[in-house]
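K.L.:
Note that the protein sequences, when read in sequence, are chains A, B, C and D. 30 is the number that the working numbering gives to position 30 of the first sequence; each next residue is one higher, with no gaps. 6 is the number that the working numbering gives to position 6 of the second sequence; each next residue is one higher, with no gaps. 118 is the number that the working numbering gives to position 118 of the third sequence; each next residue is one higher, with no gaps. 35 is the number that the working numbering gives to position 35 of the fourth sequence; each next residue is one higher, with no gaps.
Just so you know, not all the hints are guaranteed correct.
In silico contact screen, one side only, chain B against chain C (beta carbon under 7 Å); selected entries [as the list claims (entries may be wrong)]:
1. THR25
2. ARG27
3. ALA29
4. SER44
5. ASP47
6. MET55
7. PRO85
I should point out that these hints are in silico values taken from the structure, not numbers from a laboratory. Ideal Cβ positions, reconstructed from N, Cα and C, are used throughout, including at glycine.
4 protein chains.
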Amino acid sequence: MTGPSAPARETPTRLADYGFHYPITTRWADMDIYGHVNNVVFYSFFDTAVNAFLMQSGVLDPARSPVIGLVVETRCAYFRSVEIPAPVTAGVRVARLGSSSVRYEIAIFQGTDPTACAQGHFIHVYVDREHRRPVPLPGALRAALERLMSVPGID
Amino acid sequence: MTGPSAPARETPTRLADYGFHYPITTRWADMDIYGHVNNVVFYSFFDTAVNAFLMQSGVLDPARSPVIGLVVETRCAYFRSVEIPAPVTAGVRVARLGSSSVRYEIAIFQGTDPTACAQGHFIHVYVDREHRRPVPLPGALRAALERLMSVPGID
Amino acid sequence: MTGPSAPARETPTRLADYGFHYPITTRWADMDIYGHVNNVVFYSFFDTAVNAFLMQSGVLDPARSPVIGLVVETRCAYFRSVEIPAPVTAGVRVARLGSSSVRYEIAIFQGTDPTACAQGHFIHVYVDREHRRPVPLPGALRAALERLMSVPGID
Amino acid sequence: MTGPSAPARETPTRLADYGFHYPITTRWADMDIYGHVNNVVFYSFFDTAVNAFLMQSGVLDPARSPVIGLVVETRCAYFRSVEIPAPVTAGVRVARLGSSSVRYEIAIFQGTDPTACAQGHFIHVYVDREHRRPVPLPGALRAALERLMSVPGID
Chain A
1 MTGPSAPARE
11 TPTRLADYGF
21 HYPITTRWAD
31 MDIYGHVNNV
41 VFYSFFDTAV
51 NAFLMQSGVL
61 DPARSPVIGL
71 VVETRCAYFR
81 SVEIPAPVTA
91 GVRVARLGSS
101 SVRYEIAIFQ
111 GTDPTACAQG
121 HFIHVYVDRE
131 HRRPVPLPGA
141 LRAALERLMS
151 VPGID
Chain B
1 MTGPSAPARE
11 TPTRLADYGF
21 HYPITTRWAD
31 MDIYGHVNNV
41 VFYSFFDTAV
51 NAFLMQSGVL
61 DPARSPVIGL
71 VVETRCAYFR
81 SVEIPAPVTA
91 GVRVARLGSS
101 SVRYEIAIFQ
111 GTDPTACAQG
121 HFIHVYVDRE
131 HRRPVPLPGA
141 LRAALERLMS
151 VPGID
Chain C
1 MTGPSAPARE
11 TPTRLADYGF
21 HYPITTRWAD
31 MDIYGHVNNV
41 VFYSFFDTAV
51 NAFLMQSGVL
61 DPARSPVIGL
71 VVETRCAYFR
81 SVEIPAPVTA
91 GVRVARLGSS
101 SVRYEIAIFQ
111 GTDPTACAQG
121 HFIHVYVDRE
131 HRRPVPLPGA
141 LRAALERLMS
151 VPGID
Chain D
1 MTGPSAPARE
11 TPTRLADYGF
21 HYPITTRWAD
31 MDIYGHVNNV
41 VFYSFFDTAV
51 NAFLMQSGVL
61 DPARSPVIGL
71 VVETRCAYFR
81 SVEIPAPVTA
91 GVRVARLGSS
101 SVRYEIAIFQ
111 GTDPTACAQG
121 HFIHVYVDRE
131 HRRPVPLPGA
141 LRAALERLMS
151 VPGID
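Go ahead and model the full structure; you've got the sequences and the hints to work with.
P.N.:
Take a look at the structure:
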């Protein structure tokens with residue numbers, strides 16, 4: 001689906017370009033009438049991988065954290081289709097860290113192909129849970145995110 | 001969630017900027033733990049509105065059309081949260097029409113606010129269903145898409 | 001799909017058998033590879049219709065109500081397929097009201113057919129939000145539910 | 001959520017009661033506003049596990065099989081909540097095999113608890129893909145299903 005008449009697009013990245021790898025199993029309902037995983041589902045993979053990183057790092061408790069990340073922008077470019085029932089692996093890295101925002105880059109891999117089936121970004125702005133106003137990133141969160149900024153192959 | 005430390009972003013568009021308006025009811029499952037419609041769901045709104053336009057225009061039969069649109073890129077910027085159970089309206093317009101691809105722009109509106117809660121784009125490349133190779137847009141499809149290119153307020 | 005070798009099943013109900021009617025638009029992602037709305041999605045229709053009734057009746061604020069309904073059992077029988085992009089209508093009634101639980105019956109209708117495409121039930125047990133222990137149904141909730149117990153055609 | 005005022009319900013089963021075990025990772029979007037996996041999602045687990053068994057057994061190719069299973073009834077009883085981001089395991093067994101139908105029983109397990117968080121059934125009627133009329137179960141499918149009928153602890 002990326003023939004000569006498709007818009008020029010970026011090069012697929014590799015799993016080694018990402019510091020956090022998260023396996024996600026595919027589901028029957030991910031498949032649309034065209035027999036592959038629907039475009040919307042990739043954003044669910046992104047959301048799942050980013051929040052899993054935060055929960056595993058101990059810096060997000062979804063039911064209780066006083067500071068939460070709201071999504072202000074997402075994007076995904078699709079290179080190859082993903083099939084069920086094989087699992088995928090999501091790679092996550094931090095591309096930019098602001099005072100109250102973070103830009104994640106995420107890519108989806110399947111099978112033995114070392115290049116991404118799809119890749120994109122996901123920008124969180126951190127807000128206080130009650131009033132939903134931007135707040136500085138808490139220290140522990142910032143430290144966890146900084147660890148995802150330098151990864152083998154990209155620095 | 002768009003305070004001073006958020007990345008600079010484009011201006012929210014208005015429903016009148018879009019030639020096709022499609023009402024979508026919200027669902028309980030659209031809501032995430034933060035009490036608003038989850039970011040992933042907006043892409044389901046995009047997908048639904050674009051394909052509804054194509055089906056209502058008689059240029060897509062998902063089970064049988066020999067030429068189908070595969071998604072190669074999507075993006076969404078989020079300005080305000082969307083709440084359940086009120087419905088939303090999706091606005092759709094065609095921003096660019098290539099030989100085998102089309103760039104849709106879509107925005108999501110809720111309630112009496114005339115500006116978008118979220119907006120983005122969705123690029124389809126048309127392929128033959130069997131071999132998934134790009135093909136020229138069929139004439140009837142191109143004609144339907146051209147009608148979405150000139151809309152009040154943007155030409 | 002209900003030929004001679006299918007298990008004997010109940011008779012499809014009619015929309016007039018239900019006291020609350022709720023329109024739900026269908027989505028592209030509802031469709032599975034077989035070209036109709038996937039079986040799982042009907043439960044999202046059930047969940048949406050029941051909670052919409054509660055929110056419209058002013059007895060549920062999902063983010064704040066101190067007493068919430070947890071689902072302890074659901075069931076659905078499928079009679080005919082549902083197609084996109086046409087909307088459906090969900091019918092809801094209350095079949096049984098206990099001290100802390102309620103059994104809803106829900107059916108899904110599409111197009112001009114007066115009989116259900118699918119129907120089933122949904123049992124909520126009400127608990128206090130914090131400790132998740134069963135509590136008596138609050139008075140306003142019970143009153144709203146009682147109004148859904150007597151409907152034309154079933155009493 | 002199963003206190004004294006809840007309806008009497010069956011006993012939770014154990015993973016050893018099921019012949020096919022299928023791991024499924026949970027997703028951010030599975031969680032609803034109450035902070036646990038939403039009731040609807042369990043049916044997606046059921047659908048995923050049953051179809052994964054069929055695909056892994058080589059008796060279902062979703063895009064091409066001339067005989068496909070349509071769902072005519074599903075049910076689920078919920079005993080304990082499921083949390084993200086930990087994965088679940090689905091157990092699947094065949095409880096009844098008719099000439100053109102099969103009743104699967106499925107249960108969902110999480111963590112070290114040997115008893116099910118939720119369990120239910122899923123009835124498929126097999127039809128020819130084109131006319132959607134019931135047909136006898138193909139031989140290879142029947143053989144695969146028979147292997148799931150005798151499992152440790154239930155025969």
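K.L.:
Let me make sure I understand: some of the numbered hints might not hold for this structure. Which ones are they, in numerical order?
P.N.:
none
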